[in-house]
Amino acid sequence: MATEILMPALSPTMEEGTLAKWLVKEGDTVSSGDIMAEIETDKATMEFEAVDEGIIGKILIAEGTEGVAVNTAIAVLIEEGESADDIAAPASAPSPAAEAAVAEAPAAVARGPVEVVIPAEADLPEGTEMKSTTVREALRDAMAEEMRRTPEVFLMGEEVAEYQGAYKISQGLLDEFGAKRVIDTPITEHGFAGIGTGAAFGGLNPIVEFMTFNFAMQAIDHIINSAAKTLYMSGGQMGCPIVFRGPNGAAARVGAQHSHDYAAWYAQIPGLKVVMPYSAADAKGLLKSAIRDPNPVVFLENEILYGQSFDVPVLDDYTVPLGKAKIWRTGTDVTIVSFGIGMKYALEAADKLAEDGISAEVIDLRTLRPMDMPTVLESVKKTNRCVTVEEGFPVCSIGSYISSQIMQEAFDYLDAPVITCTGKDVPMPYAANLEKLALTTTAEVVEAVKAVTYR
Amino acid sequence: MAAKKTTKKANVSKEELLSYYRDMLLIRRFEEKAGQLYGMGLIGGFCHLYIGQEAVVVGLEAATKEGDKRITSYRDHGHMLACGMDPKGVMAELTGREGGYSKGKGGSMHMFSKEKHFYGGHGIVGAQVPLGAGLAFSDKYNGNDNVTFTYFGDGAANQGQVYEAFNMAALWDLPVIFVIENNEYAMGTAMARSTSTPDIYTRGAAFGIKGEAVDGMDVLAVKEASEKAVAHCRAGKGPYILEVKTYRYRGHSMSDPAKYRTREEVQKMRDERDCIEQVRDLLLTGKHATDDDLKAIDKEIKAVVNEAADFSKESPEPALEELYTDIYAEA
Numbered sequence: 018m019a020t021e022i023l024m025p026a027l028s029p030t031m032e033e034g035t036l037a038k039w040l041v042k043e044g045d046t047v048s049s050g051d052i053m054a055e056i057e058t059d060k061a062t063m064e065f066e067a068v069d070e071g072i073i074g075k076i077l078i079a080e081g082t083e084g085v086a087v088n089t090a091i092a093v094l095i096e097e098g099e100s101a102d103d104i105a106a107p108a109s110a111p112s113p114a115a116e117a118a119v120a121e122a123p124a125a126v127a128r129g130p131v132e133v134v135i136p137a138e139a140d141l142p143e144g145t146e147m148k149s150t151t152v153r154e155a156l157r158d159a160m161a162e163e164m165r166r167t168p169e170v171f172l173m174g175e176e177v178a179e180y181q182g183a184y185k186i187s188q189g190l191l192d193e194f195g196a197k198r199v200i201d202t203p204i205t206e207h208g209f210a211g212i213g214t215g216a217a218f219g220g221l222n223p224i225v226e227f228m229t230f231n232f233a234m235q236a237i238d239h240i241i242n243s244a245a246k247t248l249y250m251s252g253g254q255m256g257c258p259i260v261f262r263g264p265n266g267a268a269a270r271v272g273a274q275h276s277h278d279y280a281a282w283y284a285q286i287p288g289l290k291v292v293m294p295y296s297a298a299d300a301k302g303l304l305k306s307a308i309r310d311p312n313p314v315v316f317l318e319n320e321i322l323y324g325q326s327f328d329v330p331v332l333d334d335y336t337v338p339l340g341k342a343k344i345w346r347t348g349t350d351v352t353i354v355s356f357g358i359g360m361k362y363a364l365e366a367a368d369k370l371a372e373d374g375i376s377a378e379v380i381d382l383r384t385l386r387p388m389d390m391p392t393v394l395e396s397v398k399k400t401n402r403c404v405t406v407e408e409g410f411p412v413c414s415i416g417s418y419i420s421s422q423i424m425q426e427a428f429d430y431l432d433a434p435v436i437t438c439t440g441k442d443v444p445m446p447y448a449a450n451l452e453k454l455a456l457t458t459t460a461e462v463v464e465a466v467k468a469v470t471y472r
Numbered sequence: 235m236a237a238k239k240t241t242k243k244a245n246v247s248k249e250e251l252l253s254y255y256r257d258m259l260l261i262r263r264f265e266e267k268a269g270q271l272y273g274m275g276l277i278g279g280f281c282h283l284y285i286g287q288e289a290v291v292v293g294l295e296a297a298t299k300e301g302d303k304r305i306t307s308y309r310d311h312g313h314m315l316a317c318g319m320d321p322k323g324v325m326a327e328l329t330g331r332e333g334g335y336s337k338g339k340g341g342s343m344h345m346f347s348k349e350k351h352f353y354g355g356h357g358i359v360g361a362q363v364p365l366g367a368g369l370a371f372s373d374k375y376n377g378n379d380n381v382t383f384t385y386f387g388d389g390a391a392n393q394g395q396v397y398e399a400f401n402m403a404a405l406w407d408l409p410v411i412f413v414i415e416n417n418e419y420a421m422g423t424a425m426a427r428s429t430s431t432p433d434i435y436t437r438g439a440a441f442g443i444k445g446e447a448v449d450g451m452d453v454l455a456v457k458e459a460s461e462k463a464v465a466h467c468r469a470g471k472g473p474y475i476l477e478v479k480t481y482r483y484r485g486h487s488m489s490d491p492a493k494y495r496t497r498e499e500v501q502k503m504r505d506e507r508d509c510i511e512q513v514r515d516l517l518l519t520g521k522h523a524t525d526d527d528l529k530a531i532d533k534e535i536k537a538v539v540n541e542a543a544d545f546s547k548e549s550p551e552p553a554l555e556e557l558y559t560d561i562y563a564e565a
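Chains as they are written, first to last, in my numbering: chain F, 18 to 472; chain U, 235 to 565.
These are computed hints drawn from the structure, not numbers from a lab. Honestly, I wouldn't trust all of these hints.
[What the hints assert, rightly or not] In silico SDA-like links for lysine to any residue, alpha-carbon gap of 25 Å or less:
1) F:Lys341 - U:Thr559
2) F:Lys246 - U:Gly470
3) U:Lys350 - F:Gln254
4) F:Lys341 - U:Ala469
5) F:Lys197 - U:Tyr562
6) F:Lys246 - U:Ala469
7) F:Lys246 - U:Glu564
8) U:Lys471 - F:Arg198
9) F:Lys246 - U:Ala563
10) F:Lys246 - U:Gly278
11) F:Lys197 - U:Thr436
12) F:Lys246 - U:Lys350
13) F:Lys197 - U:Gly357
14) F:Lys246 - U:Pro552
15) F:Lys246 - U:Glu332
16) F:Lys75 - F:Asp45
17) F:Lys197 - U:Asn378
18) F:Lys246 - U:Leu557
19) U:Lys348 - F:Pro287
20) F:Lys197 - U:Gly470
21) F:Lys246 - U:Gly357
22) U:Lys471 - F:Ile204
23) F:Lys246 - U:Gly279
24) F:Lys246 - U:Asp320
25) U:Lys471 - F:Glu169
26) F:Lys246 - U:Phe280
27) F:Lys246 - U:Pro550
28) F:Lys246 - U:Gly394
29) F:Lys341 - U:Tyr562
30) U:Lys348 - F:Asn242
[What the hints assert, rightly or not] Covered stretches of chain F (in silico footprint by chain U; criterion: 3 or more residues with CB under 8 Å from a CB of chain U, positions within the stretch not fixed):
31) 212-226
32) 247-253
The structure displayed is predicted, hence computed values, not measured ones. Yeah, the Cβ is synthetic: ideal placement off N, Cα and C, and Gly gets one too.
All chains, full assembly: derive it from the sequences and hints.
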């Protein structure tokens, strides 16, 4: 019986890939373990092995094809005596990942749609060329530009050099800057966070990459006790110009110990600056500013966003100041405040709400410490309503703080309580449907906005 | 106290001996005064005295040059005085006044001097070890021949991050001297109850780091070991471990009654091994100084310490605006 060979998922976040090369041809006999093809994921080129024995009856996807979705049939395996001609072209198999039953927002009262208003980029010179860039490339470009600018900047972390980065963020940096400045460390987060901090005391500008911020819990003593507090404890004598960066929060199906969002943890610490970008332009501009900042900066990235493309200004030195929020949509009925991947839900919700006649202003905090509360308050004073969106836990969340600030600074302007959309108060489950439930969703944001606008 | 004694005492000059005597005495008198001020309520919080261990920093500092760095734990007053920081500024930090090295915001455990390359003063046991390796990393990166002295105790030697730092320091040939100040007690826990082997320096062998034990009550032995370690690091041969076997006479901190050891044990050490008395004997028997000469030095030191104490009382408390300064450096 003919067996379909499907495009494999070769990383937790892979949704599609390039079928770079077939190493077998139609008519070849393969057995379990034979390498059949090379597949490029967003992170690496992987070899794809046969699982079943048989004859390659038909190759359905030609080599060189880009954007092949996971689970697309790429070839058909037949048994001896079967003919390839008998095979009907199969349809793509559906994704086995369970589509969680997320409640759709209740149907809105029929209302005419409103216009989605995207404000112009105020700070860019007129006619600035934009280039579609992934967050991954933007981060790499930011580090490369800063390393070219200053010899004191160096990168250290697990697999950053020869492996080219566990998530390919440091791809090419070893080649350009050499092993002195792009340093593979042993798996020893506590130790290399301390060495990086000491090197910053010694006058260098380290970028310390954590393979994920989940592992930085081993190093958090140095981030907080050594890096964040020393300027104060030394009466202003000794600063610590260091960047701790890496993916933070949930990726996909990696369970409780690899999915924690630390935004609220680090944002609590005086002496730290905390950045959590959403777009590629901000990832680049903010990382460049973080590297130049004389203070310790925790730079929280997101694995799912790494592969997403955004327009990035083509400028010799594009920076975004720390501590300044960005308004992605101007609106009049509600303020949605988010940051990092939460912006994806915030923007999707704003677009849906516009169809229902609700005009949402969407603010991307970008920096969590110092937090740009003036921009939030100004917006809330106009819209009189606020919903916050983040993937972290609900207790003592970023949203809780924003909510308390609005109560203290803009209570009389509020027409409804602030609603905080957060991750659920549970360790991250592994099962696909439960994981989806544990994270916040666009539908929840829509629902929250409808609640505060009494629609 | 199994450390070997190989000191060539005959070759030590009068000037050297007098300078060690002075430096060690300054630390002891300073610490005695700090203990007194603590008793008077002028110094608060935790206050960890260095009395008994003076030969360690004085001997190690004898081999340093300008540019070398040092970093240690919260038992840090001796290190600061030995590297030339002003006793007035140190004492005023202990009393939490604006004339202190950290403007009164760091306290006994958290003091720094960029000018003297003293990088703290760290309150988390063992944290200074990777930090010290990082300072050495910066010197290697910058291509100079500076050495970082990274001090920690026998207690800190059981922290995992110490061995993470050993591994990377050896892997990357960092110019760092790991100085284990083994005073036999990690707070109230004797070595034998906390540490699986009696000689901590031997743990370096697992990482290919050379090391040795030194008699930490003998300033000349410490100095000699320091010179050897410094030469190793300056030559680009990577890290070196010195386990300096010493003894603290006072409790772990001012609030520790030290019931975990006998009074006789402490007295025996004071009577037979005291680092200052040893140098005093050498000065007198070698006819380098008379009793009167030494009395004059004692008087001089006493005056310096009293001046520091007076300054630490007269210096005002930090201005209230200081609460919100030095949190961020200007970008």
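We went through each hint and held it up to the structure:
1. F:Lys341 - U:Thr559: Roughly 21 Å between the alpha carbons, so the hint for Lys341 (chain F) and Thr559 (chain U) holds.
2. F:Lys246 - U:Gly470: violated (32 Å)
3. U:Lys350 - F:Gln254: holds (12 Å)
4. F:Lys341 - U:Ala469: violated (49 Å)
5. F:Lys197 - U:Tyr562: violated (29 Å)
6. F:Lys246 - U:Ala469: The hint is violated at about 34 Å.
7. F:Lys246 - U:Glu564: OK: Lys246 (chain F) and Glu564 (chain U) at ~15 Å, within 25 Å.
8. U:Lys471 - F:Arg198: holds (21 Å)
9. F:Lys246 - U:Ala563: Since the Cα atoms of Lys246 (chain F) and Ala563 (chain U) sit roughly 12 Å apart, the hinted pair holds (cutoff 25 Å).
10. F:Lys246 - U:Gly278: Given that 25 Å is the threshold and the Cα spacing comes to 20 Å, the pair holds.
11. F:Lys197 - U:Thr436: violated (30 Å)
12. F:Lys246 - U:Lys350: holds (20 Å)
13. F:Lys197 - U:Gly357: Between Lys197 (chain F) and Gly357 (chain U) the Cα gap is close to 31 Å, so the pair fails against 25 Å, i.e. violated.
14. F:Lys246 - U:Pro552: holds (18 Å)
15. F:Lys246 - U:Glu332: Distance ~18 Å between Lys246 (chain F) and Glu332 (chain U) Cα, so the pair holds.
16. F:Lys75 - F:Asp45: Given that 25 Å is the threshold and the Cα spacing comes to 10 Å, the pair holds.
17. F:Lys197 - U:Asn378: holds (15 Å)
18. F:Lys246 - U:Leu557: It holds: about 13 Å lies between the C-alpha atoms, which stays within 25 Å.
19. U:Lys348 - F:Pro287: holds (22 Å)
20. F:Lys197 - U:Gly470: Answer holds: Lys197 (chain F) to Gly470 (chain U) is near 16 Å, not above 25 Å.
21. F:Lys246 - U:Gly357: Roughly 11 Å between the alpha carbons, so the hint for Lys246 (chain F) and Gly357 (chain U) holds.
22. U:Lys471 - F:Ile204: Satisfied, since the Cα-Cα distance of roughly 24 Å is no more than 25 Å.
23. F:Lys246 - U:Gly279: holds (18 Å)
24. F:Lys246 - U:Asp320: holds (23 Å)
25. U:Lys471 - F:Glu169: Holds, at roughly 23 Å.
26. F:Lys246 - U:Phe280: holds (18 Å)
27. F:Lys246 - U:Pro550: holds (23 Å)
28. F:Lys246 - U:Gly394: Within the cut-off at roughly 22 Å; holds.
29. F:Lys341 - U:Tyr562: holds (16 Å)
30. U:Lys348 - F:Asn242: Holds - the C-alpha atoms of Asn242 (chain F) and Lys348 (chain U) are around 19 Å apart, at most 25 Å.
31. 212-226: holds (count 10)
32. 247-253: holds (count 7)
Checked against the numbered hints listed earlier, the structure breaks hints 2, 4, 5, 6, 11 and 13; every other hint is satisfied.
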